[in-house]
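Let's have the full structure, built from the sequences with the hints guiding it.
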Amino acid sequence: MKRTISALVAISLAIVLVAAGASTIVVSGQLLAYQDGYVFFTSGDGFRVAQNVVIHDAKNGGATTLHPAPRIWARATFDASGTVTELDLSRDPLPAQGNFADVTHFAVALSSPVPNPDLLQAVATPAPGEPATVAQHFSGRPVLVTFIVQVPPYTPFTSSIYMATDQSGWNAQAIPMDRVDALHYQITRRFNSGTIFHYLYDRGSLQTQEIAQNGLTRAPRNFVVTDADVRVIRDTVYAWQDAAPGGLNQVQPQIMPTPYNPAPFPNLPPGLPPPQPPPGKKPPP
Amino acid sequence: MARIALSTALTTLVVLVASAAARAAAPAPTPTPQPPSTILYLNATKLDFYYNRFLIEGDGNVRIRTSDGFTVTGDSFSMDLKLNRFMVAGHVTLHDATGTVNGAAIADFLDYRRIYFVPVTSEPDRWTFLDGDLAHPVKGREMPGDTFYFPSVSEHPSITGTGAVIGTKNYVRFINAHTYFLNAGIPLGTYVVNFSSNQYFAQNTLSGASVDLTWNMVGSPNALTAMHLRYDPTYKTYLSFEQHFVGEHEYAILSVNPATRADKWWNLALYEKLGSRFQIQSFTQFYTQQNWFNEPRAAQQTTFLNATYAFPHSYVTASAQLTNYSLLGPGGLEEHNSVAGSLDHPSQVQLTASSFQNRIANWPLFEQIYEGYGFNHDTVGGNQYLQGFPGEGPPIPTPGLQAYGAACPDQHGVKNPPVYFCPVYTTIWNTVFGFNLYTPAIKLNSQANPYQTYYFNASFNKQYQWNSLPHWINTSSENFSISRQFSHALNTYVGYQILNTGDYYINGGYTPCHPVNTFYCPLSFTSFRGVSTQRTTSLGINDAPTPEFNLSFLVRHHTDFPIPVPGVFGLPPNNIIGQPLYTSYLGQAPYDATGEVRFKILPHMMLDVSRTLYWYGNPYRTQFWQPTFVVQLLPI
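Those protein sequences? They're chains H and L, same order as listed. The numbering of the first sequence is the working numbering, which starts it at 1 and goes up by one. The numbering of the second sequence is the working numbering, which starts it at 1 and goes up by one.
A hint or two may mislead.
Under 7 Å between C-beta atoms, here's a sample of chain H residues computed to sit facing chain L [claimed, not checked]:
#, residue
1, 35
2, 62
3, 216
Hints in this document: simulated from the structure, not taken from any laboratory. Being a predicted model, the structure only gives us computed values, none of them experimental. Where is the CB? At the ideal position from N, CA and C, for every residue including glycine.
Now the structure itself:
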């Protein structure tokens with residue numbers, strides 16, 4: 001009989017414990033604020049905090065010197081009424097635990113939710129003949145982006161080609177490219193998706209920057225890194241600022257200009273005499 | 001001096017006339033809405049800036065005042081400069097003319113003119129302020145999921161500070177800024193990070209350098225002041241100064257480089273775009289040799305002026321170059337009281353019309369033609385005018401084209417005159433005509449796998465230049481290459497280039513080689529009559545397994561006429577970081593091999609090292625290295 005009673009008590013206790021455990025919800029996330037009796041997560045939701053809330057170290061479960069504050073990671077335990085009864089804190093991100101969707105209804109807000117027309121709505125099936133609207137999504141994950149550029153045919157074969165971007169303060173030698181063939185150069189760089197940047201090609205200085213096909217200074221190229229494993233961007237440079245076809249070459253700074261000398265062999269050895277009129281003849285007029 | 005004043009006046013007149021014409025011809029500018037621009041005045045106990053992600057993170061006593069008319073305080077601050085949004089979290093107060101509200105967090109999406117706020121009055125709530133209207137919050141409105149997101153940063157900040165002025169979409173000026181090298185803090189005082197998408201901030205007037213550490217001292221949406229600590233093999237370590245003024249369609253840049261060396265180059269670049277079809281730009285370089293700001297021992301000046309007008313399928317460019325080799329008169333570049341010194345003031349003007357690159361029918365072939373007309377004045381050294389000076393040596397023996405055929409009366413003791421030639425043609429007019437033909441990449445095989453596909457490229461350039469004296473120059477260049485990408489990292493190409501240069505005279509011209517002193521005449525020199533051919537075969541290999549590492553080799557074989565002989569031809573001068581100024585020249589060694597490696601050494605910096613080995617084949621069998629490694633630090 002005693003054994004039966006003990007078994008019943010144990011079963012009842014187990015049921016109570018299980019029921020008690022089922023009434024608590026644990027979720028982890030990053031804190032946005034902790035004030036006025038509420039704890040706020042970066043979802044923007046604020047939850048009531050019990051007056052006797054227990055604060056522990058998330059790693060060892062012991063005491064901690066950390067205080068709930070913005071940027072701190074926390075594992076929050078909610079009781080059945082949606083009050084946070086325990087916070088386990090860490091400076092480092094905690095493994096994902098629980099689901100905020102399960103506690104969202106505990107969030108305290110004076111006003112009732114109102115739809116936001118700014119936010120993307122579910123995309124309806126397009127009418128026949130109408131293009132489908134594709135929502136642009138940026139996850140922020142790294143994307144390999146390969147740039148392949150075709151240079152003007154008169155680009156010197158040993159030229160170095162670079163990309164200048166607003167990401168690097170328009171440094172003219174920020175991204176060196178590698179020759180692929182007589183007309184093409186390429187480079188692969190890793191960017192986070194969602195990155196927006198502007199760029200131009202050059203030959204090592206801003207005085208050798210690309211210009212537009214119409215000979216004018218061109219606006220920077222614009223590129224948005226979208227989610228993909230690899231992106232390939234193909235561009236064409238029509239002309240260089242210092243070497244437009246037939247134009248007067250502009251000399252880089254710090255190279256004192258050499259007077260225009262139509263003689264094409266400036267480094268002939270001393271044994272080769274300079275061009276001269278035929279012997280006995282005066283120079284032509 | 002009068003000549004300089006005249007040149008300046010003429011230049012100004014041309015600019016004014018061209019500007020007026022462009023304003024008249026250009027279509028009326030279409031007004032476009034200005035992007036929202038806000039100035040944020042930020043203070044915090046500690047601010048961290050992460051250059052690679054353009055993030056500012058701040059903690060402790062955050063206070064931010066905005067030019068939009070409100071002030072926010074709180075515990076923590078986070079801003080993504082590229083996304084142009086900021087957030088303040090923890091014990092937030094929002095204060096404006098209508099009063100103060102407490103809350104847990106606030107996020108301002110500046111581009112969208114939306115402010116999302118979590119107020120805590122009797123209880124928390126969610127408010128959204130639309131279009132800067134802080135008096136009428138929309139309560140309960142759903143917010144974007146990442147409104148109050150803190151970015152994850154694990155690396156060391158690039159710059160720290162205790163205050164910042166943020167001109168959104170343009171610049172950040174940090175106060176009490178420090179940067180870090182090997183975890184040691186380096187105080188900078190103020191430091192400006194410019195992230196404007198206006199590419200005119202990119203324009204600079206400084207020459208290349210192996211290392212350039214830039215301290216942006218002062219900045220605004222339209223200006224940037226920078227001091228540069230630089231190193232190059234020529235001037236070693238020195239300071240340079242540069243000032244930018246930038247507008248939507250114009251810029252002006254002034255610099256002195258090096259500022260702490262006796263050789264100083266003062267630069268001024270100006271640019272203006274008038275309408276959608278016309279632009280004018282100038283670049284003036286003023287050289288002085290002076291200790292600090294003492295009286296210069298030498299001074300030179302040159303000005304480039306360039307104006308372009310675009311047509312629907314072509315464009316016309318007018319270019320001019322005006323140079324004064326000695327602004328100090330005789331004695332420039334020499335010791336005091338000497339007479340020698342270049343008194344040249346060469347000038348040139350060129351008008352060139354170029355077509356766009358056009359596809360020929362449906363062939364994989366493109367063409368472009370151009371034609372130009374212009375003149376060159378006084379392009380021969382002024383020493384030839386001076387005829388040398390007793391006791392100061394003879395004039396420069398290299399005759400320019402202007403001195404064609406005119407032996408100087410005084411040969412300064414040369415036994416077999418004439419060696420020194422004097423000017424005959426003070427102005428040479430020229431007409432240029434040329435065209436380009438090229439093919440884009442043509443597949444040679446139709447493999448499904450792109451890493452098994454071979455591509456063929458070819459280009460051809462022909463140019464004629466007729467001068468007003470009986471002389472003309474023909475140049476032609478042919479390039480062929482076959483390339484293959486073996487993997488994402490590895491690609492190779494084989495190239496073949498032929499460069500022909502013909503320097504023709506109707507009367508006379510090049511004469512056979514004559515032995516001079518110890519100089520003998522190799523066979524190819526004796527048959528050289530002003531026509532050279534340079535054939536180059538190239539093999540290039542690039543391996544870039546990661547974006548942070550690149551290894552490349554280039555091996556070339558030159559078969560040139562005249563045949564190069566070691567020590568006979570002069571080598572081309574190098575630029576300031578040790579690279580040859582010319583990429584192709586007579587006398588280049590028949591073989592050269594260049595290796596280049598580029599790798600990441602710091603989170604935001606790569607090191608690029610290259611060097612070339614030159615060698616002569618039989619019968620000379622000599623070789624030499626490029627004098628120095630070419631080393632460059634490249635920011636990423």
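Residue 62/H as chain L interface residue, shortest Cβ-Cβ below 7 Å: 25 Å, violated
field: Interface hint outcome for residue 35/H [beta carbon to chain L under 7 Å]
entry: 5 Å, holds
Hint check: 7 Å Cβ-Cβ cutoff, residue 216/H to chain L: With a minimum Cβ separation of about 5 Å from chain L (threshold 7 Å), the hint on residue 216/H holds.
Violated hint: 2 only; the structure is consistent with all others.
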